[in-house]
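From these two lone chains plus the hints, build me the complex, please.
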Amino acid sequence: MLKVRRVKKSYGQVVALRGVDLDVDAGSVVALLGRNGAGKSTLLSAVAGLLQPDSGTIEVAGIDVWAEPNKAKSMVGIAPQQTGIYRAVSVRENLIFFAELAGLRRQDRNRQVSDVAEQLGLTHLLDRKATQLSGGEARRLHTACALVHHPKLLLLDEPTVGADVATRNGLIEAVRNMAEDGAAVVYTTHYLPEVSALDADIVVIEQGQVLARGTQGELVERYRTEGVEIELDRPIDAPPAGLEGERLSSLRWRFDHGHSLADVVGRFAAELTRADDAKVVAAELVRPDLERVFLTITGVSLDDDPSDKEQTI
Amino acid sequence: MNAVLAVARHQLRILKGDPGFLVIVILMPLAIMPIMRRSLAVNLEAVGFVGADGSEQVVPGQIVLFGFFAAGNASFSLFREHGWHTWDRIRASAASPLALLAGISLPWIVIHVFYQFTLLGAGWVFFGLRLNGGSAAALVLVSLAFSFTTVSLVMLSAATFRTINQSQALVNVGAMVFGGVGGALVPFEQLPGWAQTIAPLTPHYWAMLGHRRIFLEAGRVADTAAPIAVLVAIGLVAAGLGAIRFRADETKEFFA
Chain A
1 MLKVRRVKKS
11 YGQVVALRGV
21 DLDVDAGSVV
31 ALLGRNGAGK
41 STLLSAVAGL
51 LQPDSGTIEV
61 AGIDVWAEPN
71 KAKSMVGIAP
81 QQTGIYRAVS
91 VRENLIFFAE
101 LAGLRRQDRN
111 RQVSDVAEQL
121 GLTHLLDRKA
131 TQLSGGEARR
141 LHTACALVHH
151 PKLLLLDEPT
161 VGADVATRNG
171 LIEAVRNMAE
181 DGAAVVYTTH
191 YLPEVSALDA
201 DIVVIEQGQV
211 LARGTQGELV
221 ERYRTEGVEI
231 ELDRPIDAPP
241 AGLEGERLSS
251 LRWRFDHGHS
261 LADVVGRFAA
271 ELTRADDAKV
281 VAAELVRPDL
291 ERVFLTITGV
301 SLDDDPSDKE
311 QTI
Chain B
1 MNAVLAVARH
11 QLRILKGDPG
21 FLVIVILMPL
31 AIMPIMRRSL
41 AVNLEAVGFV
51 GADGSEQVVP
61 GQIVLFGFFA
71 AGNASFSLFR
81 EHGWHTWDRI
91 RASAASPLAL
101 LAGISLPWIV
111 IHVFYQFTLL
121 GAGWVFFGLR
131 LNGGSAAALV
141 LVSLAFSFTT
151 VSLVMLSAAT
161 FRTINQSQAL
171 VNVGAMVFGG
181 VGGALVPFEQ
191 LPGWAQTIAP
201 LTPHYWAMLG
211 HRRIFLEAGR
221 VADTAAPIAV
231 LVAIGLVAAG
241 LGAIRFRADE
251 TKEFFA
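Heads up: the sequence lines are chains A and B, in that order.
Heads up: the first sequence is residues 1 to 313, going by the numbering used here.
Heads up: the second sequence is residues 1 to 256, going by the numbering used here.
Bound conformation, chain B alone (with noise of 0.2 Å):
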């Protein structure tokens, strides 16, 4: 557990140095929200929820659109230790390679968890998002829980693919395809027939269906059980193909 926080507490202090790629990934949702707030919520009055104002859909929306953007640099944190040569030293420590990578993805939960409050604090401010008679508690379960589960698909991408390019490649597409198919964009029932069949394969389906209980049906946390369960197991899912895959001893290239 000393040398998981070990890394971590360096995982946190790498990102100190270089903030930059935090502040653009919260910046892009903050500037896309206001431009497809009104039209969303005509979206949303079109499939049955009258008087919303758009905040309901836009602010998760483009959280979890932009939820594999946040975490896709887990795997640019464990590819970075291969291209900066560090990664033999740590490895040759007395940690496990396993605790090597849990040290190396659980400040990417911590970090998704900061970055989709502070987008949704900026829903509050600037977007008049509000709970609704929704549950906080169950606003932080869909959060923990998609963070959780983000984060352990780009690991698994990173477990598996050789070079950054490929890992960051899935990452990009798949935060797209994803968002798209899972209800990021528009509201679940505006989807093609094709897309609202496939989109409970996706983490961002039950991500929106647990955002949308709380703000636009006043869920509590018994109402988002079945999304946040559903976004744990396949976060535990990701992250034992993860561990089961990770090979300590592969060569990874940073650019390729």
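One chain only, chain A, in its complex shape (with noise of 0.2 Å):
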């Protein structure tokens, strides 16, 4: 359904993204997992026409997204990060303005204005004011907005910002019978609770490069790393020797790559401590999980901020 090919874009000197490729099929749903300013949201605006890249090619169910917009640009429906709706008009009112915008007719329009409504627990709210929902309503209200004409891909960026839990299941089911009734969804996220909830296929974004695909599983069976995390009742300067870790903070280290927790509790009991006076407070073994694959994969935190790491040509 989307064909993505070797997608550049640069605002100036700071490149967003570097030769992007990335298949999505019908019927599924990808998550694209990256920091904020990876280039998870300039790919999104590049594949519903809004940005237009330097080089590479983007096709919605075959169609050009740059040489036909219009037709391919029926096929999409998108939920951008910032929220968007009319304030000053009821739920309603901004369904039916999205179904218009896309043709549809009278009957099919006020039809998937209900459905969209009952999908995402907006029914009771169809004729309050935009201005007058919470958050998370608002939310729910912006991707519905996307919905309402049954794209064949669903773009949503970051929908659970700022939503509460009940918002966030809801939208997760709403965009799992999206891709059940055959639509290809792609989602970002940071949140990786979502992203296993989703059941989705992961693909890791970085510095404007696609980094690794694959579902959850295959990807923590890929990138595996297990490892040893200890806390000391004081900061050292380096571990013992043989020991190469990773300083997490002032007082915990990890230490990755077949070291067992028996053998780096035992040296820091046999060398460190003693040079040092510091002791090992506690010790655990660390399963692999999203988020250290992720850190593997990409080398940074999700949680890390790359506002002061600009790329530049």
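Hints listed in this document are in silico derivations from the structure and should not be mistaken for laboratory results.
Treat the hints with care, as some may be off.
Listed next, the stretches of chain B that the computed footprint assigns to chain A, with coverage defined by at least 3 CB atoms under 8 Å from CB atoms of chain A [as the list claims (entries may be wrong)]: (1) 7-15; (2) 91-97.
Ranges between beta-carbon positions, derived for each pair [stated by the list, open to error]: (3) SER301(A) x ARG9(B): 47 to 57 Å; (4) THR160(B) x ARG287(A): 58 to 68 Å; (5) ALA226(B) x LYS71(A): 16 to 26 Å.
As a list, the in silico SDA-like pairs of lysine to any residue whose alpha-carbon atoms are at most 20 Å apart [stated by the list, open to error]: (6) LYS129(A) x ASN2(B); (7) LYS16(B) x ALA88(A); (8) LYS71(A) x LEU98(B); (9) LYS71(A) x ASN2(B); (10) LYS16(B) x SER90(A); (11) LYS16(B) x GLN132(A); (12) LYS3(A) x ARG87(A); (13) LYS16(B) x ASP127(A); (14) LYS129(A) x ASN165(B).
Just so you know, even glycine gets a beta-carbon here, dropped at the ideal spot from N, CA and C.
As structure tokens, then:
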């Protein structure tokens, strides 16, 4: 349904996309996983025809988005990152407008407005002005506006930002239903539990590049990183000889790749604590999870703020 | 065309939820009309329109003077799409950017015509404005042409400027300057010489000329053809320039 090939985009000296390839089949959900500034929103904007790439091609159902924009766009629904709704009119009028804009006739329009409202728990709010909605309700309406014309390709840019748990669950269920009905869904997030809940294919994106793709199970298996984390009672300059570790905080260290819990604790007890008068107060075997997989693939944590590391050509 | 109508209908729904602006922009000229009417009757007599009661100048004059204010919200509508973060959403639809722009502009032409005829009606009811042999069809055409031109100029400012403040400032200054120079406040003959020289550069002059032909000179459609043609030409040029200047992917600031 979606085919992205070698797409590049720069903003002046800042490179946002460095030759991205992406395929999304009908009926599947792809979660774009990356930090803020990784290029997720830029990629979605390019796919939606909002931002022309510097090079590369984007096809929706075989139609080039930039050669035949109107035809391609008619198959796409997008909910951008920022909530975009008409606050001066009712929930129903918001949905009616987006349905009409997609060319739906009155009967289809009314049916699909009712359907999407039910799907996202908005039925009882249909005649309420959007300005009177809570943050979570507004977010649901924001997403509903992208779904109302049953697009073949659905682009959701961090749809659950600021949403409460119920809203988040409702949105995830709606996305899964859309995929079951045959839509291709691209879902950007940096909330890992959502990726698991969606049972999506994961595409890891960092610094404008796709670094890995697979199911959660495949990525964990491929980038397995079991390790040992210890906590000391005082800071040390370096771990004992023979242990290559990563300082997580002033008191916490992590050791990967082949070190057993007993091995790490034993070496600390034997060498370092004697020299630095530091003691191990806690130690645990850390199981691989998606967050660690992301760290292994990208070398950075999802929580890191990349704003001070802008990439330049 | 469907997209244009969908956007236009939606703009009307938004206005329906907050009609206060339209009420105010109708009440303001209505409040000024009785204050200026008698003195303008004297002014009209002084320039040769014996028996004029002032409504022939004050009603069209206030309509034309406030015409830019009445159309100013067309610009506001475009900037509001950015402020509400809905612009990118509708831009991602199958509608072309120019269809979206037309959809935003169209209802304002309708609203502007409504504004003009509400005030003309009020002039007839409260201030004795009569056609006096002038053509009703000509009045409709002059009004339609003025609405088209005014909204086109306002949308040109919206397409050109990056912030709502810049666009609104131009609309507000344009309303007063064009109105004053164009003969909306006093009869054309009583304008200073320099103003009479540049008056034909303003759409307000041509709108006032059309109204004068109808209300003071019993003009028919043919008599108003020139002012109507010039108004339409100005409107077409403004619309064309607006379409050329308009960048759908340009970021606009709703409040700056």
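Taking the earlier hints as the rules, which of them does this structure contradict? 5, 6, 12 and 14
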